[in-house]
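Working from the sequences, and respecting the hints, build out all of it.
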Amino acid sequence: MTVGERLARYRDRIRRKLLAAFREERTPRQIAASFAVGIFVTALPTGGVGIGLFFVFISLWSWISKPAIFASVIVLNPFVKPAVYLASFQVGAFLLGSNSVRSRDATTTEFAWVGIQQLLLGNAVVAIVLGAVGYVTVLHLTRVHRRRTDRHPGPSVGSGILGLFRR
1 MTVGERLARY RDRIRRKLLA AFREERTPRQ IAASFAVGIF VTALPTGGVG IGLFFVFISL
61 WSWISKPAIF ASVIVLNPFV KPAVYLASFQ VGAFLLGSNS VRSRDATTTE FAWVGIQQLL
121 LGNAVVAIVL GAVGYVTVLH LTRVHRRRTD RHPGPSVGSG ILGLFRR
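Numbering-wise (my numbering), the sequence shown opens with residue 1 and increments by one.
Just so you know, the hints here were simulated from the structure itself, not pulled from any lab data. Any given hint might turn out to be false.
SDA-like, lysine to any residue: derived pairs with alpha carbons at most 20 Å apart [claimed, not checked]:
hint, residue 1, residue 2
1, K66, Y135
2, K81, T149
3, K66, I14
Cβ-Cβ distance ranges computed for the label pairs, FRET-style [unchecked claim]:
hint, residue 1, residue 2, range
4, W61, T108, 39 to 49 Å
5, A112, A20, 41 to 51 Å
6, V129, R151, 26 to 36 Å
7, F79, R143, 42 to 52 Å
8, G115, F79, 20 to 30 Å
9, T149, L95, 39 to 49 Å
10, E25, V136, 15 to 25 Å
11, V49, G4, 31 to 41 Å
12, G4, V133, 17 to 27 Å
13, E25, G115, 42 to 52 Å
14, R151, F94, 41 to 51 Å
15, R6, G115, 24 to 34 Å
The beta carbon of each residue, even a glycine, is placed where N, CA and C say it ideally should be.
This is how it looks when you write it as structure tokens:
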């Protein structure tokens with residue numbers, strides 16, 4: 001399977017999950033908040049515990065949209081996570097000052113501690129930014145989708161014809 005095919009599969013999975021969320025009986029803000037919470041938790045270095053947290057959130061808060069929160073896992077997939085961690089480390093180094101790692105007198109333990117601090121601080125900032133961007137994006141997409149479906153309750157003739165040519 002080529003990279004392009006994989007990306008197309010991920011895109012289709014994200015689209016299906018978000019469309020399911022858009023069709024739920026929830027407000028656009030609830031759907032967007034669910035996605036943003038999912039993005040925030042998924043961006044953190046939880047080592048897979050984040051998925052378990054989703055189930056806790058779903059059981060605690062009735063407003064959480066299951067499709068929206070789980071769509072975030074597909075967005076921050078294993079191909080994207082390294083970029084998130086690299087950006088997190090860079091942001092942390094910027095915020096803490098990258099000179100703290102360059103001292104020649106520092107021991108390996110000190111290097112590791114500084115690296116962990118940079119990663120965690122940067123990751124918190126990146127997770128907040130990604131969550132905010134995710135919220136705004138999904139809020140907009142939900143509103144646009146609902147406006148379109150209110151005007152045109154069924155599929156258009158054009159989409160029906162084009163649907164014949166899709167895989």
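Legend entry - Outcome of range test on Cβ distance (R6, G115; 24 to 34 Å): 31 Å, holds
Inset, instruction - With 41 to 51 Å as the target window, see if A112 and A20 comply at their CB atoms. - result: 43 Å, holds
Inset, instruction - May I ask you to test the hint 39 to 49 Å on the CB atoms belonging to T149 and L95? - result: 43 Å, holds
Inset, instruction - Given the hint that K66 pairs with I14, test it: the Cα-Cα distance must not exceed 20 Å. - result: 13 Å, holds
Legend entry - Pairwise beta carbon distance, G115 to F79, judged against the given window 20 to 30 Å: 23 Å, holds
Inset, instruction - Can you let me know if the beta-carbon spacing of F79 and R143 is within 42 to 52 Å? - result: 29 Å, violated
Inset, instruction - Take a look at whether the Cβ-Cβ distance between V49 and G4 falls inside 31 to 41 Å. - result: For G4 against V49, whose Cβ atoms are near 32 Å apart, the range 31 to 41 Å holds.
Inset, instruction - Evaluate the given range 39 to 49 Å for the C-beta pair formed by W61 and T108. - result: For T108 against W61, whose Cβ atoms are near 43 Å apart, the range 39 to 49 Å holds.
Inset, instruction - Hint says 17 to 27 Å; check whether the CB-CB distance for G4 and V133 agrees. - result: Between G4 and V133, where Cβ atoms are some 25 Å apart, the hint holds.
Inset, instruction - Could you say whether the range 26 to 36 Å given as a hint is met by the Cβ separation of V129 and R151? - result: 34 Å, holds
Inset, instruction - Hint says 42 to 52 Å; check whether the CB-CB distance for E25 and G115 agrees. - result: 46 Å, holds
Inset, instruction - Mind checking the hinted window 41 to 51 Å against the Cβ distance between R151 and F94? - result: 46 Å Cβ-Cβ, so the 41 to 51 Å window holds.
In the structure shown, a violation is registered for the earlier hints numbered 2 and 7, in ascending order.
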